[in-house]
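Peer 1: Listed below are the residues making up each chain.
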Amino acid sequence: MKHVEDKWKLLPEFLKIRGLVKQHIDSFNYFINQEAQEIVKANSEIRSNQDENFFLKFEKINIDMPSIEEDYVINKIMPHECRLRDLTYSAPITVDISYTRGRNIIKKNGIKIGQMPIMLGSSNCWLNNKSEKELAKIGECPYDPRGYFIIRGVEKVILIQEQMSKNRIIVELDDKQNFVALVNSSTHLVKSRAEVICKNEKFSMKQNIFTEEIPICIIFKAMGIESDQEIAQFIGTQPKFLEEMSLSLLESSKKDVLTQEQALNYIGARIKSKINRSGPNAIVKSKRDEAFDILKDVILPHIEVSNNSLLQKCRFIALMIRRIIEAKEDPSKIDDKDYYGNKRLELAGQLVSLLFEDTFKRFQSDIQKQVNKSLPNKKNREPFDASTCFNHDFISSALENAISTGNWSLKRFKMERAGVTQVLGRLSFICALGMMTRINSQFEKTRKVSGPRSLQPSQWGVLCPSDTPEGESCGLVKNLALTTHVTTDQPVKYLVDLCFNLGMEDANLLVGTELYDENTFLIFINGVPMGVHRNPQKFIRDFRFLRRKGKINEFVSIYFQQSKPGSKLQSTIQIACDGGRLVRPLIIVQNRIPLITQIDIDEVSMGIRTFNDCIREGKIEYIDVNEENNTLIALSEKDISLNTTHLEIDPLTILGCVAGLIPYPHHNQSPRNTYQCAMGKQAIGSIGYNQMNRVDTLLLLLVYNQKPMVKTKTIEMINYEKLPAGQNASVAIMSYSGYDIEDAIVLNKASVDRGFGRAIYIRRHESNMKRYADRSFDISSKPPAEIEGKSKEELPWNLQRFHNLDQDGMAKIGSKLTKGDIWLNKYSPVESDDRLLTNKPHSSVEYNPSPESYKGGAPSYVDRIQISSNPEKHFLVKMIARQTRRPELGDKFSSRHGQKGVVGIIVPQEDMPFSENGWCPDLIMNPHGFPSRMTVGKMIELMAGKAGVLEGEQKYGTAFAGDKVEDMGKLLVKHGYSYFGKDYLTSGITGEPLNCYVFCGPVYYQRLKHMVQDKMHARARGPMTSLTRQPTEGRSRGGGQRLGEMERDCLIGYGAASLLNERLMISSDVCDVNVCDKCGFFGYKNFCNFCKDKSNVYSVKMPYACKLLLQELTCMNIRPKIKLKDS
Amino acid sequence: MSNIFEESKTRAFIKNEGVDYNTTVTTQELPLEDFAENLQIDVISLNDEDITFDVKGIDPAFANALRRIFISEIPTMAIEKVNMWQNTSVIPDEVLAHRMGLVPIKVDPRLFEVKGKNEDHNENNCVQFNLHIKCTRKNTPEAQNRENDILPENDEALFNHASVYTSDMKWVPIGTQEEKFKNTPIRPVYEDILLSKMRPGQEIEMELMCEKGVGKTHAKWSPVSTAYYRLLPDIALKEEISGEEAQELKSKCPMNVFDIEDTGKLFVKNSRVCTTCRECIRDEKFVDKIKLAKVKNHFEFTVESVGMYKPEEIVTEGIKILKEKVKCWKNTMKGMEEDEE
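Protein chains in written order, with our numbering: chain A, -15 to 1111; chain B, 18 to 358.
Any given hint could be a false lead.
[Claimed, not checked] In silico DSS-like links for lysine-lysine, alpha-carbon gap of 27 Å or less:
| # | chain 1 | residue 1 | chain 2 | residue 2 |
| --- | --- | --- | --- | --- |
| 1 | A | Lys121 | B | Lys151 |
| 2 | A | Lys691 | B | Lys214 |
| 3 | A | Lys117 | B | Lys151 |
| 4 | B | Lys214 | A | Lys800 |
[Stated by the list, open to error] Sample of chain A residues at the chain B side, in silico, Cβ under 8 Å:
| # | residue |
| --- | --- |
| 5 | Ala120 |
| 6 | Ala734 |
| 7 | Phe898 |
| 8 | Gly975 |
No lab work stands behind these hints, which were simulated from the structure alone. These numbers were taken from a predicted model, which means no experiment stands behind them. Ideal Cβ positions, reconstructed from N, Cα and C, are used throughout, including at glycine.
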């Protein structure tokens, strides 16, 4: 068999087409182009109960390209402008409407109803199909991942939300060990949860709308299945089912509910009353009708109801009961909630669609209210025009607010979710990219269960096993693997027709006994039983054949859910086309031969064909988590056996993009890879090609970025080499100086002098020039004339802070700002009431100075000053201050293997050890970091890096592949280095050779954002809080170092009473109070107001907090009495 | 046994597990004449950039002192103060200033003094350069098309001064400097160091003030890119190796230390090129057959100049400084003796 090399070359092609953030963009596109239309269609009409002829109909919705209306001019707006000006990147939503005005029907097209925030990179984004040049022109980085929104200048990501799958039966045990079959139904109109519960051998249905659990047979009867025999047939007539059902059947007759009418009345009496559901004029329905409506609309709403026949629902409920009975017999039939096939991911598109639907409905009811108010008003000469009551701001601000705060509160679905969106982290490129693939779980963080947190075998290939945070959200926040794609909803209708064509028998024509026969196999589409087939293997084979031929959408999955061999339970066929499933591409293997050939790969990598062509030709297909159970996937070609159905494109796809940065991850202890995933996001590097034009509040950049000597395939694919975050440091792994204990590292001063680890720290300072109601406004004014031509030192102290102001009252570009310097010489008008009334000229306005001064500790330079405006703030000044920071003692560095450490000492070059050919290290790492951490990958990185340097090329450390250590060793020897990478060094201090050889070579090091300059803090005296007179807390307020409870305990244990007294009182909030010995109250000096007495008042020292407490107690009528004693 | 002991006084042995090096401390006073007699210096190679020379008969402390002085104590001139009047290029001011500082300047530092703290720049302590450069479009239709400003394929062809090089630095003589350096005009060592890239309309204008300093303060003043020494390898065969084994060993050494005589006997052709890779003794079977050693008092120095000095000057300057230091030390000692008295 011919070996196919470089299968991985398909991956870049895949990423070109699907991309890492494609799932976000796809789902948003689906919303914009389809779902929005459906939402409007479903809620198209507004009618009024004031005038039955009135109607307002929304015909069509259209979402445009992003634009903004300013001064009555509509301009298209680019994302970067939004970032700079604190605008929202949004597009107008227009609708075509028809409505009645008076007696006329009026049609209007293109009426604007609001603005829709647009996802960058979506079909309605300007950035689409732009060349690098065009992108550069509009200030955009070609490597930006996109897939986020810009709301008021802030980049917001809607995180992927993980949920249990909708519309599927899940069997589980409740708290009381009762078997429950539950279904979360979800349609556009309703979301509801129905449970069939088996309590005391009896089945009943639980639903929020019912006051109590309804016996299941009553539900059946209310749905029109009146006879017990029919019910039994629905569930199955085998003895075990009949037995299980017997008590339930008995129960309904005991309750004397025999007919549908009786059942409906029974249910009707148990409906939670809704408070004033439908206004004063709503038709009051009878309890019976209400019950029927609930059965029709609220219970299992995802199942179609045709002609008021609830037969399909009955069948579904029967199925739920069957599942419980099966599970009772065989506990393995209880569903695993953590199994990833049972999960669905909710993406930006779905979430925005929920939000839009809700706001659109509220928008309509708002209109309806106005219509109802205005219609009866016949006095108006003009007939009422409904199009005048469109509130443009309503939809815009609702969408904007939800995305910017992350609070998704939909009253209709009783959905209250916080933290759906997050600000896109722009600390490094990887940070932003990692955020786009992040999955947030709805699971509570506080609950102590390990199930949802642990790594599930079913997550193989779709979720990254390494990339999860440590601590409280460990395992709940996950990341997508490199090739994972999340599906969007697909239409069901054609699938059903297709199934019939493939020989499916309609379930509607069959009774229970036939449905559940051993030799028939139920076919489910999206969890709903649709029919049966007698030859499942053929059906599935045909179905897959059609999918591979492109007749069925590539993301539709079909799988055979086989019951345990030997058990009499029925096997089923599951077809799924719903959105939110995780799929990944695999190479199809037939007769032990992978269908992808070398020619395919060559052609794809040459660009003659695309990845999609391979799918269209049926050589690669997408497999979802459930369908994976029907496959046998070979990791590599040599693993292909007779039963193999698929072949992995490359094993590295199991990792995500963040874990993909690690060279040789398969040689590391697994937690180390997880640590690196967290740290890669903190590494300082490049953010994007537009980094110097951005106005982020905080931006950290590395001055001299390097691409890693040892790279991985993933690094190439995600463009890490274009926007790297680190430098290749020459590392010697040896003990040196004793300042390297506890993971501290030793830096070479000469390397630092020459620019190693140098970072630029850019911070934004903002000020808003307000306009006031009295038409006065803030102004910026030139500095005092005295400062002209003088340096800061020459100025008198009171003018020094003005020293770098220019004539426009703003700091000069490039000038140095030290603490207290003014960067915007702003004046605010003095408030006066009379100006508003008297219309006085502006020249008479008096101003008070309200300058903006620089507050940072270390001095900065003014990088830029930007003046802009937006609808809310019409004169917005942003000052960008810049610092350059060279590494100093205590700054944090890390390699790519979870090995972080702070700088322990910076050593002059002449003290550094040197090798026989003049090499000397940039950085020395202590070898004690290795034995317990077992980061063998780092050692191999070093060897590969060294070999790469000598060969003059980058080496590969790709996961589960990469260049071999042995080859690296041979290369080292070729260039006259030791096979083991250990060199003969001479001590720079003594000048004698070191007695052992030192492992040395280049390792990629990242500088992390934690820097001493931002954290160091000390205080002798300083500000106090006014309430307790104790020192303030925190570095930003110049606070004190807290002597906490545990420190206090130590001092108590040691018996250092005076020290305690000094720390806790004298140095904190000591206070002299006068206490009356007689009554125990506080008095004045030499006078007690309570005793009206001069004697017995003594001065006492106590903490002010104590004095405060005693006084507060006194206020509450509690008398604390102080007794004095001579010491 | 005693043979090895005796040998270990003069040799360091390279083993697989580490270096056998015993510090030999001279306990007796060494007469200067003896030292001078034993000392031997041979220049092995010398060119414009580096020098390799052997020093025989000194202690490692002596050799190391020299090496350390080469790196960090020979004064040179480097840009220390930058007056930045205009910088609209992509590189921030501080970064550009830092880059300028690292540019090696071709000027004899011995003709200058170290600038005192409160001293102003003058002709004796300062060399001034100016760099004033503006990027403009060339006068071709292609260059005049503003569309080509963004991501041009060949910026050098379109714009004047798209790249700023050290050759753009102009020496500004202070006082009599022009006369003094008439024959050796002051300039950056290399003309083609890329300082920044620019686009039309961007401008850099700055005054660069060079001061005298040493590598200890900042690496930019270090006259060497590297200065190091190594002990001379001493390789011998403990027993005769011939035939296949000889072939094997010969091919093993990446530096070709060994060769085979016509008789098929292996011999050490050139031990100096050995890089201590230990490849020859990695295989256990050769461990006892080869003696890998280093001569403890034979140092092979290599000094790579950055370009401010000629490499041989660095060595002589270094020795001068060492001499000064010794003198200073001697005086201090003398003072102490007198105090004791």
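Peer 1: If a hint holds in the structure, say so; if it does not, say that too.
Peer 2: Status of each hint after checking the structure:
Of the supplied pair hints, the one linking lysine 121/A and lysine 151/B holds, its CA atoms being roughly 22 Å apart against a limit of 27 Å. Under the criterion of a C-alpha separation no larger than 27 Å, the hint pairing lysine 691/A with lysine 214/B is consistent with the structure, at around 20 Å. Among the hinted pairs, lysine 117/A with lysine 151/B is consistent with the structure: their alpha-carbon atoms are about 24 Å apart, no more than 27 Å. This hinted pair checks out: lysine 214/B and lysine 800/A have alpha carbons roughly 25 Å apart, not beyond 27 Å.
Against a cut-off of 8 Å between C-beta atoms, the interface hint on alanine 120/A holds, since the closest Cβ of chain B lies about 5 Å away. For alanine 734/A, the interface hint holds, since its Cβ comes within 8 Å of a Cβ in chain B; the closest pair sits about 4 Å apart. Taking 8 Å as the C-beta cut-off, the interface hint given for phenylalanine 898/A holds, the closest approach to chain B being about 5 Å. Nearest Cβ of chain B to the Cβ of glycine 975/A: about 3 Å, under the 8 Å cut. The hint holds.
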